[in-house]
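With the hints as constraints, model all of the structure from the sequences given.
There are 2 protein chains.
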Amino acid sequence: MSKYAFGIDIGGTTVKLGLFDEQGQLLEKWEIPTAKEHGGEAILPDVAASVLAKMEERAIVREDVAGAGVGAPGAVDAEGNLVNGAVNLGWGVFNIPEVLGGLLNMPVKAANDANVAAFGEMWQGGGKGYDNLVAVTLGTGVGGGIIVDGKILTGATGAGGEIGHMHVEDEETEVCGCKNQGCLEQYASATGIVRLANRRLAQDNKASLLREGKVTAKAVFDAVKAGDGLAIQVAEQFGEYLGKGLALVACVVNPQIFVIGGGVSKAGEILLSYVEPVFQKYTFNACRGARFALATLGNDAGIYGAAGLILREEV
Amino acid sequence: MSKYAFGIDIGGTTVKLGLFDEQGQLLEKWEIPTAKEHGGEAILPDVAASVLAKMEERAIVREDVAGAGVGAPGAVDAEGNLVNGAVNLGWGVFNIPEVLGGLLNMPVKAANDANVAAFGEMWQGGGKGYDNLVAVTLGTGVGGGIIVDGKILTGATGAGGEIGHMHVEDEETEVCGCKNQGCLEQYASATGIVRLANRRLAQDNKASLLREGKVTAKAVFDAVKAGDGLAIQVAEQFGEYLGKGLALVACVVNPQIFVIGGGVSKAGEILLSYVEPVFQKYTFNACRGARFALATLGNDAGIYGAAGLILREEV
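Chains as they are written, first to last, in the numbering used here: chain A, 37 to 351; chain B, 37 to 351.
Chain copies aren't distinguished; within one or between two, either way the pair holds.
Cross-link-like lysine to any residue pairs, in silico, SDA-like; alpha carbons within 25 Å at most: (1) Lys187 with Gly325; (2) Lys39 with Ala95; (3) Lys261 with Gly275; (4) Lys302 with Gly249; (5) Lys72 with Phe130; (6) Lys302 with Gly48; (7) Lys317 with Thr209.
Worth flagging that the hints you see were computed from the coordinates, not collected in a lab.
All of these numbers come straight from a predicted model, not from anything done at the bench.
Written out as structure tokens, the structure reads:
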């Protein structure tokens, strides 16, 4: 008898859903819109209806489903309570497994979406085979998810792994989204890289491919690959901030591996080449064995990790 | 039927032992010398003999002993393997529970001594009532021990919580014991505070109590209490480094509480007054609820934590 699990990743615009077999293979994935109206009251009923419809479509009986995992955009404690609600969904404080489990009549586990994505990369992605892992997501911001001995490090208030807000620069004058100044995410995110590039471009008139089009993180790394001197300086600055930041992280949680994902990571292995040597220079000697890998699951990391909350102990 | 456990803290000079009841009360503590000769081969037999003699002395039968916990000065993995040996004891790589458990005929658990001390402060000390905790030991160096959801964070190579070696200063020219430059322990340890004070004293001829005797961390904080302006500058600098460093730690593991111990912490609450405001300024807003407390178990933290490895789940 084959077993299944559902992985559910609730975002502000769409809910991603995935059906997995017990070996952790993604059998099918689909999306539904996130119904944020009226405090998001329809979101979980919509999710439940979609899951139950999929079971009917595939003639999967309840007994063959191990459960459903959920990633939610907010702090979630070990019992699945959304401790501060989820402002992007209009949700207040409640227990996700209780509500969705009631609708689905199956075991439900929930965790923060960034942490769930980290869990997914550990289970079936770039960190497969490791159980002490730090996942770093370089997108609009810098997100982090930490796995210790195979378990998500949630932290006291769900802020475990908020490495994008480590203070790494005393001289910063611009303010981060979190209202502090000098956060890692001001230098190592997609927007941070653009800021570093624009600052560098304004310094002098040195020729650069970056003067020709829109400055984006992708344009910076494309120019690096083309040998552009100015872009290389920007990449070095980015690597200096991120490598030093991860060296600090290693002194705290001493992971086996860093898995780097998010839009910026599409630059590929060249990105790691700017980060890893800086990391090695600044971290504690006992932490130098940490490996660096690129994330492999992309936007599916959330549904993988959510299903993994249910299936991993069984795999 | 009352139950007992032994807590054993193996140091380079002495082994501290403690007999605890199942409520975690320390009934008796004593020490034996650490026999480091011949690769430390007699250390565990000596420990076993001392434990068995204590049981005989008190007429405690084997059935009433839940087990013995051990803190060892080296990296210890989750199974109790001393993964790199213990250079201070002359020990190579072996499994502590296997060897000592064989000698004692009882369950034995082992962990790194700094982590065990952190566990002790959580179980019966300054962090009692919390299970997400960072213990910071300000002694000759800066040690750390991290507890996540009631469990020691060991890390991939036993370097979890090595926060003394976080790189926090780019301008440093002196070299840390770990061979890096700009480690937190170069500013926040007892020796680090002396260095900061000596540097400040050399800057100019400003009057200070610190010019009158030997400059120690204790002398600095005594002078702070006496209102000495120069000493206050040194304390502010210390607080800036440590507060910022712990702000970084909070963005990674998001603890409920920081418990500050070690010789420097004998300065008392005034020490926290230099650290906590800096922490609050630099950490991520979701981490600002973290409390600060002084360690309360002193040199007994190790035997408490070691016994706690055995007893805590039963308390």
